[in-house]
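A.B. asks: Chain by chain, the residues run as shown.
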Amino acid sequence: MPSDPLVAQHVLEFPGGYTRTTGPVIGRFLSELRARRIVGVRTAEGRVLVPPLEYDPATGEPVTGEYVEVGPAGTITTSAWVDEPLDSHPLDRPFAWALIRLDGADTDLLHAVEADNPKALAAGTRVWPVWRDRPTGHITDISCFAPEVTKIVSSVRAEYRLQVGGALRVFLEGVERGVLLGSRCEQCEKVYVPLRLACPECGNTLPDTLELPDTGTITTFAINNLPDPRAPEVPFVSAYILLDGADIPMIALIGDVPAHEVRQGMRVRAVWVPESERTASMANIRWFAPTGEPDVELA
Amino acid sequence: MRDVAIVAFAQTRHTDHDTGLAEHELIHPVISEVKELTGLKRFGFTCSGSCDYLAGAPFSFVSALDALAAWPPISESHVEMDGAWALYEAWVRLQHGDIDSALVYGFGKSSLGDLRTIMTLQLDPYYLAPLGLDQLSYAALQAAAVGADRQELDEIVRRSRADGRSNPYALDLPEPDGDDFAVQPLRKTDVPPITDGAAAIVLATGDLAGRLHPNPAWIRGIAHRTEPHYLGLRELARSASAADAARAAGVTKGPVEVAELHAQFPHEEIILRQALELGGDTVINPSGGPLAANPVMAAGLVRIGEAARRIHDGTASRTVAHAASGPCLQQNLVTVLEA
Ligand SMILES: [Zn+2]
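From first to last, the protein sequence lines are chains U and W. When we follow the numbering used here, the leftmost residue of the first sequence carries the number 1, and every step to the right adds one. When we follow the numbering used here, the leftmost residue of the second sequence carries the number 1, and every step to the right adds one.
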């Protein structure tokens, strides 16, 4: 006795497809599709059937000869979400089946809708057809429907070439040597850092350049949860640091400390990259790290 | 109208896999069983229901006739539908008055192919079939239209499977668990099991019925109605045609003790309970229903047989059987049986 079952594969197929005549009503609908129009047919009672039928399903009476262009947009009345499309389905990625009431129609067209997730297809969602490249007069001339356009993404990109001169150049050359340069206004008795040529308060020229220490106090800070290429990790802290001897705080990253431990009044010191890697750039300072000194009472 | 009763019912122990039996081998035991139950060897009329697409062989129902004694020639017909519609045709034939018995059977092996896509072939070839709209997808659209409470659906599946486990002819399906979706909002546990099986019923008129069974199940009402096939033309959340058929068959003319509903998905039971106006005291699908065994093309006939069985064994005096065909309960046949 054979132990394996006897199994045969068997396919039922109409080679080349099965030819069908469409009749004048369905034929009209499919011909209009080829021209990228969707039409319904009016019943004797005035309702617009989409897709058209030869008879009014409510009365059994023949429909009129009046064809009405509908849509192309419509509103979803019911949908079902397919996570795993079959080979026979119109889309090869998750999609929805939906009943769509096209604008101007009194019945619902059934078709596939492309969307990111089932929540995007609640009843009431507006959808538009996406047409196939070369319509041939077939229901699949509409590849699928897609939600109405409610937003677009536009990319922005412009390139610039910046040249550093004036006070910023002097300041960055100081940073390259490992020194933070500021300037002092004699009239206002204020020390500004980074170095600048004129006092923002009185407008005087600032002749005095001074070297400031790389220690200071955090006056305020923000915890950032969006990644930034310069930051050590997310979340990271950016802070205003009042360098010792300066009257205006400077913005910088805080590191070597958990974000939630950063506080106003915390004493910090710049963490410099090794001397061999230094350039005329703020990248010379990785970030400011706590010194461990007692906090300072801020005025 | 002539009084017509169901006097015998037999069904296979349905399987969830292909046992290798040919269709006529599947049918033969149930035909033999109803012949034995009634003592009849020949019938005034024979009618069967099946679908050639299940086997993928044109005129496969013809070779299934090998299960009958077809010589000398018998008066025979076939519907490309569930056997419940074969029963309807036989009932109409019996109304002609010249014969007094009929054999009805239905059969199907849905294990042979992919039922989900085979059922696409019943859709219209212009607007729906070319989209590849499959059975689970259109059922899911109807489930979405119903928007039923998830707990209610789960309870229907749980109850059906539990009832099926105590029915020796249904499948032994576990308590439903898991919330994986088939096609949202339908869960995988909402999908009826692939089932192979067959069923047979004998109808008899008047006095003959009384001689063949001590408790004939009299058909006091039978009606079928249909709706447009195109889903967008219908109000999917309700079944106007099931309601019309139920009214025409007189479902509400008396209390309904048991209703066997051809609900392949749990939301269909909700639609049908409403359409047939079944009250809370009606026991629904004590056999487990199609969610516990779904021999396609016999499942509707099994509903009629199960509803008749309650009258045959004396546990009920008025029952209702429902059979459906087409996408999303497009066609509905309602039968009222009384002791
Ligand atoms: Zn023989």
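Calculated from the structure, these hints are not laboratory results. The structure presented is a predicted model; accordingly, all values stated were derived computationally and were not measured. No residue lacks a Cβ here, since even glycine has one placed at the ideal position from N, Cα and C. Hints are not guaranteed to be accurate.
Claimed, not checked - Each pair of labels, with its calculated beta carbon distance range:
#  : chain 1 : residue 1 : chain 2 : residue 2 : range
1  : U       : Ser281    : W       : Asp179    : 31 to 37 Å
2  : U       : Pro15     : W       : Pro72     : 52 to 58 Å
3  : U       : Arg34     : W       : Asp124    : 52 to 58 Å
4  : W       : Gly210    : U       : Thr64     : 51 to 57 Å
5  : U       : Gly137    : W       : Asp3      : 30 to 36 Å
6  : U       : Gln9      : W       : Asp172    : 51 to 57 Å
7  : U       : Ser31     : W       : Val92     : 54 to 60 Å
8  : U       : Ala123    : W       : Asp124    : 23 to 29 Å
9  : W       : Asp16     : U       : Gly16     : 48 to 54 Å
10 : W       : Ala57     : U       : Ser31     : 41 to 47 Å
11 : U       : Arg34     : W       : Val92     : 26 to 32 Å
12 : U       : Pro57     : W       : Asp16     : 34 to 40 Å
A.B. asks: Checking each numbered hint in turn, tell me which of them this model violates, lowest number first.
C.D. replies: Those not satisfied are hints 1, 2, 3, 5, 6, 7, 9, 10 and 11.
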